[in-house]
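Enquirer: Go ahead and model the full structure; you've got the sequences and the hints to work with.
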Amino acid sequence: MSDAFYGYLDRDAEMAAVIAKHNRQRLGQTFADWFKEMFTGMDNWGPQYAERRWKIGIVHVRVGIGPQHVVPAMATVVQEVSRRLVKEGKPEQLRTSLSKVCMIDLSFIEQAYLEVAYNAVQQETGMSEALFKRLIANGANSLI
Amino acid sequence: MAFLQAILQNYVANTPEVQGAAVVTPDGLPLASALPAGMDEERTSAMSAAMLSLGERIGKELGRGALERVFVQGEKGYGVLASCSPDAVLLTIASHEVKQGLLFLEIKRVAASIAEAMK
Numbered sequence: 001m002s003d004a005f006y007g008y009l010d011r012d013a014e015m016a017a018v019i020a021k022h023n024r025q026r027l028g029q030t031f032a033d034w035f036k037e038m039f040t041g042m043d044n045w046g047p048q049y050a051e052r053r054w055k056i057g058i059v060h061v062r063v064g065i066g067p068q069h070v071v072p073a074m075a076t077v078v079q080e081v082s083r084r085l086v087k088e089g090k091p092e093q094l095r096t097s098l099s100k101v102c103m104i105d106l107s108f109i110e111q112a113y114l115e116v117a118y119n120a121v122q123q124e125t126g127m128s129e130a131l132f133k134r135l136i137a138n139g140a141n142s143l144i
Numbered sequence: 145m146a147f148l149q150a151i152l153q154n155y156v157a158n159t160p161e162v163q164g165a166a167v168v169t170p171d172g173l174p175l176a177s178a179l180p181a182g183m184d185e186e187r188t189s190a191m192s193a194a195m196l197s198l199g200e201r202i203g204k205e206l207g208r209g210a211l212e213r214v215f216v217q218g219e220k221g222y223g224v225l226a227s228c229s230p231d232a233v234l235l236t237i238a239s240h241e242v243k244q245g246l247l248f249l250e251i252k253r254v255a256a257s258i259a260e261a262m263k
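So the sequences go chain by chain: A and B. One point on numbering: in this note's numbering, the residue at position 6 of the first sequence is 6, and numbering is uninterrupted. Throughout, this note's numbering is defined as the position within the second sequence, counted from one, plus 144.
Hints are all accurate, no fakes.
Chain B side only, calculated, beta carbon under 10 Å to chain A, not exhaustive:
1) D171
2) G172
3) L173
4) S189
5) A193
With a cut-off of at most 25 Å between alpha-carbon atoms, the simulated SDA-like pairs for lysine to any residue come out as follows:
6) A/K21 - A/V59
7) B/K204 - A/E129
8) A/K133 - B/D171
9) A/K133 - B/L198
10) A/K133 - B/R201
11) A/K133 - B/A232
12) A/K133 - B/G182
13) B/K204 - A/F132
14) B/K204 - A/A130
Derived by calculation from the structure, the hints in this document are not laboratory data. Each residue gets a CB set at the ideal place from its N, CA and C atoms; glycine is no exception.
Expert: Printed below as a string of structure tokens:
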């Protein structure tokens, strides 16, 4: 699974450049831990699980992996898992459940990305959250 | 906020070369405005609050002390932002013919009366 995941990322020049800065073996182990946790749920998919996912999201932001890369990478995981489940004759429900867990993880990473970006701008400009949201809403209106 | 509206209208009507004014919250919500027709009150308010906030941060970063005003000078005149109180920001727009010293004095006076009225 890890090979399929990083094999996919290696085909993207931008992602390959990010990955090249890190120890491949360590990345593979981190991926394996993350993948295993999806099945064990750590604390039954409770606060500890959420906290860990949140931190993974922040790490992605810090190393410059944006949502545009996370979504297709996660799709690769779902696709690879599906392929393996079909090959091993596992029930359809298992595939559906795993897809759902992957989507939850994806939403954590996306949310972390947005919040880190928001917080960074707010910290640098001194803007309140309400003002920042108002500017976004006004800007969005003017784009339509 | 009728009292704020009255202060602003009086300010714009009686100060030479002042073309408009608005009072907004630090979150960018308009409280009262006497802006020229065609100016988007919502956007102007949010941008004014953002500009003042950024000005305060820059002033602090550059070690310039407490911010007195943010002054925007354009080809057609000026935009000045000043804090009235922790809850209100005053935006003034004036033509390029305004006397800056007098404008700043007037802004201080109006900001103080807005702060007093909002107590």
